[in-house]
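Throw the hints in and build the complete structure from the sequences for me.
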Amino acid sequence: MTAQVTRKQMRTVFAETVIESLASDPRVVMLTADISSWFFWDVKKEYPDRVLNFGIREQAMIDIAGGFALAGMRPVVHTYAPFLIERPFEQIKIGLNHQDVGAVLVSVGASYDDPSWGRTHQGPGDVALLDTLPGWTVHVPGHEDEVGPLLRKAIAGDGRVYMRLSERANGEPVPVTDGFTVLRKGTAGVVIAVGPMLDQVLAATANIDATVLYTSTIRPFDHAGLRAAVADARANVVLVEPYLKGTSSHEVNEALTDVPHRVLSFGVWRDREARAYGTAEDHDKLFGVDPESLAASITRFFN
Amino acid sequence: MQTTEETLQDLIARMTGDNKHLAAATSTLDAIWVLYDRVLNVSPETIDDPDRDRFYLSKGHGPMAYYAVLAAKGFIDPDALDVWRTFDSPLGMHPDHVIAPGVEISSGSLGHGLPLGVGTALALRAQGRDARVFVLIGDGEFDEGSNHETMAIAGRLGLDRLTVIVIDNKTASLGWPDGIAKRFEMEGWLASTVDGRDQDQLYQALTRETDGRPRAVVAEVLPISEGSAA
Numbered sequence: 001m002t003a004q005v006t007r008k009q010m011r012t013v014f015a016e017t018v019i020e021s022l023a024s025d026p027r028v029v030m031l032t033a034d035i036s037s038w039f040f041w042d043v044k045k046e047y048p049d050r051v052l053n054f055g056i057r058e059q060a061m062i063d064i065a066g067g068f069a070l071a072g073m074r075p076v077v078h079t080y081a082p083f084l085i086e087r088p089f090e091q092i093k094i095g096l097n098h099q100d101v102g103a104v105l106v107s108v109g110a111s112y113d114d115p116s117w118g119r120t121h122q123g124p125g126d127v128a129l130l131d132t133l134p135g136w137t138v139h140v141p142g143h144e145d146e147v148g149p150l151l152r153k154a155i156a157g158d159g160r161v162y163m164r165l166s167e168r169a170n171g172e173p174v175p176v177t178d179g180f181t182v183l184r185k186g187t188a189g190v191v192i193a194v195g196p197m198l199d200q201v202l203a204a205t206a207n208i209d210a211t212v213l214y215t216s217t218i219r220p221f222d223h224a225g226l227r228a229a230v231a232d233a234r235a236n237v238v239l240v241e242p243y244l245k246g247t248s249s250h251e252v253n254e255a256l257t258d259v260p261h262r263v264l265s266f267g268v269w270r271d272r273e274a275r276a277y278g279t280a281e282d283h284d285k286l287f288g289v290d291p292e293s294l295a296a297s298i299t300r301f302f303n
Numbered sequence: 001m002q003t004t005e006e007t008l009q010d011l012i013a014r015m016t017g018d019n020k021h022l023a024a025a026t027s028t029l030d031a032i033w034v035l036y037d038r039v040l041n042v043s044p045e046t047i048d049d050p051d052r053d054r055f056y057l058s059k060g061h062g063p064m065a066y067y068a069v070l071a072a073k074g075f076i077d078p079d080a081l082d083v084w085r086t087f088d089s090p091l092g093m094h095p096d097h098v099i100a101p102g103v104e105i106s107s108g109s110l111g112h113g114l115p116l117g118v119g120t121a122l123a124l125r126a127q128g129r130d131a132r133v134f135v136l137i138g139d140g141e142f143d144e145g146s147n148h149e150t151m152a153i154a155g156r157l158g159l160d161r162l163t164v165i166v167i168d169n170k171t172a173s174l175g176w177p178d179g180i181a182k183r184f185e186m187e188g189w190l191a192s193t194v195d196g197r198d199q200d201q202l203y204q205a206l207t208r209e210t211d212g213r214p215r216a217v218v219a220e221v222l223p224i225s226e227g228s229a230a
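In order, the protein sequences belong to chains A and B. Using UniProt numbering, the first residue of the first sequence is number 1, and each one after it goes up by one. Using UniProt numbering, the first residue of the second sequence is number 1, and each one after it goes up by one.
No lab work stands behind these hints: they were computed from the structure. Errors might be hidden in some of the hints.
No farther apart than 20 Å at their CA atoms in a straight line, the calculated lysine to any residue pairs in the SDA-like style are these [what the hints assert, rightly or not]:
{"hint": "1", "chain 1": "A", "residue 1": "K45", "chain 2": "B", "residue 2": "R38"}
{"hint": "2", "chain 1": "A", "residue 1": "K44", "chain 2": "B", "residue 2": "Q127"}
{"hint": "3", "chain 1": "A", "residue 1": "K93", "chain 2": "B", "residue 2": "V98"}
{"hint": "4", "chain 1": "A", "residue 1": "K93", "chain 2": "B", "residue 2": "H94"}
{"hint": "5", "chain 1": "A", "residue 1": "K45", "chain 2": "B", "residue 2": "Q127"}
{"hint": "6", "chain 1": "A", "residue 1": "K93", "chain 2": "B", "residue 2": "G92"}
{"hint": "7", "chain 1": "A", "residue 1": "K45", "chain 2": "B", "residue 2": "G128"}
{"hint": "8", "chain 1": "A", "residue 1": "K93", "chain 2": "B", "residue 2": "S109"}
{"hint": "9", "chain 1": "A", "residue 1": "K44", "chain 2": "B", "residue 2": "G128"}
{"hint": "10", "chain 1": "A", "residue 1": "K93", "chain 2": "B", "residue 2": "L110"}
{"hint": "11", "chain 1": "A", "residue 1": "K44", "chain 2": "B", "residue 2": "L157"}
{"hint": "12", "chain 1": "A", "residue 1": "K93", "chain 2": "B", "residue 2": "H61"}
{"hint": "13", "chain 1": "A", "residue 1": "K93", "chain 2": "B", "residue 2": "H97"}
{"hint": "14", "chain 1": "A", "residue 1": "K93", "chain 2": "B", "residue 2": "E144"}
One side only, chain A facing chain B, incomplete, derived with CB under 8 Å [what the hints assert, rightly or not]:
{"hint": "15", "residue": "L52"}
{"hint": "16", "residue": "Q59"}
{"hint": "17", "residue": "A65"}
{"hint": "18", "residue": "A71"}
{"hint": "19", "residue": "V230"}
{"hint": "20", "residue": "A233"}
Quantities reported herein were computed from a predicted structural model and do not represent experimental measurements. Even glycine gets a Cβ: it sits at the ideal position worked out from N, Cα and C.
In structure tokens:
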């Protein structure tokens, strides 16, 4: 575990990558609403018109990003997940989607990175909310080494991209691809691990005859990758996502329209708030995604 | 074509079915006409030029005056006005810039145009361009919190190529004591209040030199009752 000491947070890699892109791509602008703005204080001296902190004004920030994009620039927009996606949701719908322009939205905080902050700083509905709008690419990196390649590609394009950073990360990175990476092959079913859920899924399935798929890009959903996996294993599909439970179950059903299948979903509760503080590991247990609970549930489901 | 007040009323009548002054359709008419006729450096030929001036109609409700001016200036085929709101028409009750010729933003939901305009003004500044951005909002729309976030941002950042025109027909439900211009002044804007039906006053206010501040023009327009003369 000595490697842990020198590991960077995903948020640090994000800031370093954006700072590089400011130098190499004149289209890039970095917009913040106080959160993480300190990462960009130095580079703002070099690019005062392209690094902007608006104070705590998230609604304006998203529409301003749309205005930048209308003039041909590439806005990168950042704050905590609930303030980036949930609070200014109509600004995303109207200021980006309806104007038919793009932006790269990058959040931190995830669903319950540090539950001691309470419900206000948790954003488990973000990916499900973006699912109500067309044309979003959604990245959920599971390791800090996955952040740079995903972000550089997002910035170089002109589409609508959401990158969901977490303070939680897997022990090892997985090379970045557009869809599912097969990490293990089995016959009893297919387990899909999204982003930072991978370590728990690998531990939970160590003694289960399952195919394990991993992805750091959940939208678009890799229909072909899932169909290929299900062709070689029974069509028992387990989704382990770090946000609202069942967020991708409609995609599984869409991918397997003509294949008799069963789906079991894991994630944050939909039907009630978890009114508890504590640690992320406490909440893993609450939602049944700690390795022991996952192993028991998946075994029951496969049998 | 030689465009007159009468021509514009005839163009509006192709959408409304009569040539009376519908307040919702025409409260913005003088301001938009002055902009396209005397202020903006944009034409159908330069609509994609990055150096063109931008006009963002944030008050997308009741866009008849806007469409009429765009038709008078050659952006829109006047025949399109006859079939507006139909399935195949590019012109709806709220403008969609992806399908409507000459329209710079899609609007209707209140409180988006000003921050979109600030984003574009900031982009033009970052690109070293001199183009200006004009945004038209309503006094009811001014209630939206996103406008107040944006008013503060534009003032602090000294966006002197940005102008907001507020059509004030006193419809904001809880009102704005002491007037809207004062709010803008407090946030570092150069603000003035004019008669929104006096085209010369509008022109003077919209082209007044600024000193590094964004500009707000509050255009007061009394709602005109059905059948009254303009």
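**Report entry** Indices of hints not satisfied (ascending)
**Finding:** 1, 19, 20
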